[in-house]
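Q: Top to bottom, those sequences are chains A and B. Following the working numbering, the numbering of the first sequence begins with 6 at its first residue and continues without gaps. Following the working numbering, the numbering of the second sequence begins with 1259 at its first residue and continues without gaps.
These are calculated hints, taken from the structure and not from any lab test. One or more of the hints may lead you astray.
Okay, derived cross-link-like pairs now, DSS-like style, lysine-lysine, Cα gap no bigger than 27 Å in a straight line [as the list claims (entries may be wrong)]:
id, chain 1, residue 1, chain 2, residue 2
1, B, Lys1404, B, Lys1325
2, B, Lys1325, A, Lys63
3, A, Lys63, B, Lys1404
4, A, Lys63, B, Lys1321
Predicted model only: the values in this text are computed from it and were never measured.
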Amino acid sequence: MASENISTEQLAGLDALMSPLGWDLVAFALYVGLACTIVGSLLLAARFLGHRTRSPLKGQPYECGVEPSGPARPGYPVPFYLTAIFFVVFDVEVAFIASWAVAYDLLGWQGLAQIAFFIITLLIALFYLWRRGALDWGPQRR
Amino acid sequence: MNDVLLTIILIVIKLGLVLGTVLSLAAYMVLAERKVLARMQMRHGPNRVGPFGLLQPLADLIKLLCKEDLIPERADRWVFMLAPAISVGTALLAFAVIPFGAPLQIFGRTIELVICDLNIGLLYLFALSSLAVYGVALGGWASQSKFALLGGLRAMAQMISYELALGLAIVPVVMASKSFSLTAIVASQQSLPNALRHPLAFLIFVIAIMAESKRTPFDMPEAENELVAGYHTEYSGMRFGMFFVGEYVNLIVLGSMLTVLFLGGWHGPFLPSVGWFLIKILAVAFFFIWVRGTVPRLRYDQLMAFGWKILVPLGLLNILVTAVWLLWRG
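Construct the entire structure; sequences and hints are all you get.
A: What follows is the structure, given as structure tokens:
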């Protein structure tokens, strides 16, 4: 790390503040700032460059030249909603599994037995959803 | 104070180089995709602007900047205007934790070739790829158009489903390196890349990132012949361009993720480490383009069934088997 070379008598206070991770965080903050600047300037360019005219036809949503009919946000199929719910459930569990994976060797066989119980419960839940047809799109076969 | 100044200058130079490289690589990725696809379809592709069409990205940029920025009358104006920024922003920010080379010695100091070696780098990447869903979902939602809404919904459901498989596929990698830090993950692959150590996880990961980037054969969100253009149907000018930039930066980020997690990162013989890293990213990108030129689009229900009924159970079982094997070997 770069901060190792900062002489201590010069910058005792700053050096303590700027541990290696400290410099990394400075770099990170600068990067975030730079990226936001780029995105912001692109947004401004989109706003102010290019000519603009208004007409009722231009304001309409594009539906292949046919006049739009009905509401723009019709009810959408239930499977999308179910997918979102299942994602929340399963993704949280992936987080648990990942946190076990970092220390799997320290937790040993006992940890493995516990996470295996967890994973198998998860698999059973998944097969239950499967059997109930919650993962099927379109009409049910039965 | 000189040392501090020098450190900051070095950091700024590094940031400039990284951002410049990522953005210009993204621009040329568009050209490369058009060229390679054209060759695969016995065409020439863009070859009018500059030698071999090399100035095409510049021409496209100028064209997009000068186009009219249309906002549909009933659209949710602010959300509509800001959604592309989420798409680009998350893709750009993801690059902050990716190590792209071995530590470098300049002016008697060591420079790590990574912007920020977060100890939870992997979780950071996943958080950002989850946030990226918002750009697409909000863009589709705010447009007040049926096609855009449907495209946004499809993209959302697809991205979150495959994110699950993605998350399960990286667990064996975390077990191999015992760390979430990407630098540590690269270091753990010095002798053998993870792709050979965990082939099944590698396969799941490749499929999942292809779905995550919404590319053929998983490009239902933008299926032209049913949805016009999906979530960006109503976008024009630079905002449309931003979705495009975001998509290609994201392609580079996913390629780097694949490289870092499974292909050994910047490790490789003879060439300098940054060179290896670039070669691997470009090879992954070429593979993506090749797949796009070869494989037809799946049906949406097939896609979701594949994700939930095959990849997720397989990923879970893979974790169990890997853990037993690793503990057995001790």
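Q: If you draw a straight line from the CA of Lys63 (chain A) to the CA of Lys1404 (chain B), is it 27 Å or shorter?
A: Holds, at about 16 Å.
Q: Are the Cα positions of Lys1404 (chain B) and Lys1325 (chain B) separated by 27 Å at most?
A: 24 Å, holds
Q: Tell me if the straight-line CA distance from Lys63 (chain A) to Lys1321 (chain B) falls inside 27 Å.
A: Holds - the C-alpha atoms of Lys1321 (chain B) and Lys63 (chain A) are around 20 Å apart, at most 27 Å.
Q: Straight-line Cα separation of Lys1325 (chain B) and Lys63 (chain A) no greater than 27 Å?
A: 14 Å, holds
Going down the numbered hints, you'll see the structure goes against none, and every one checks out.
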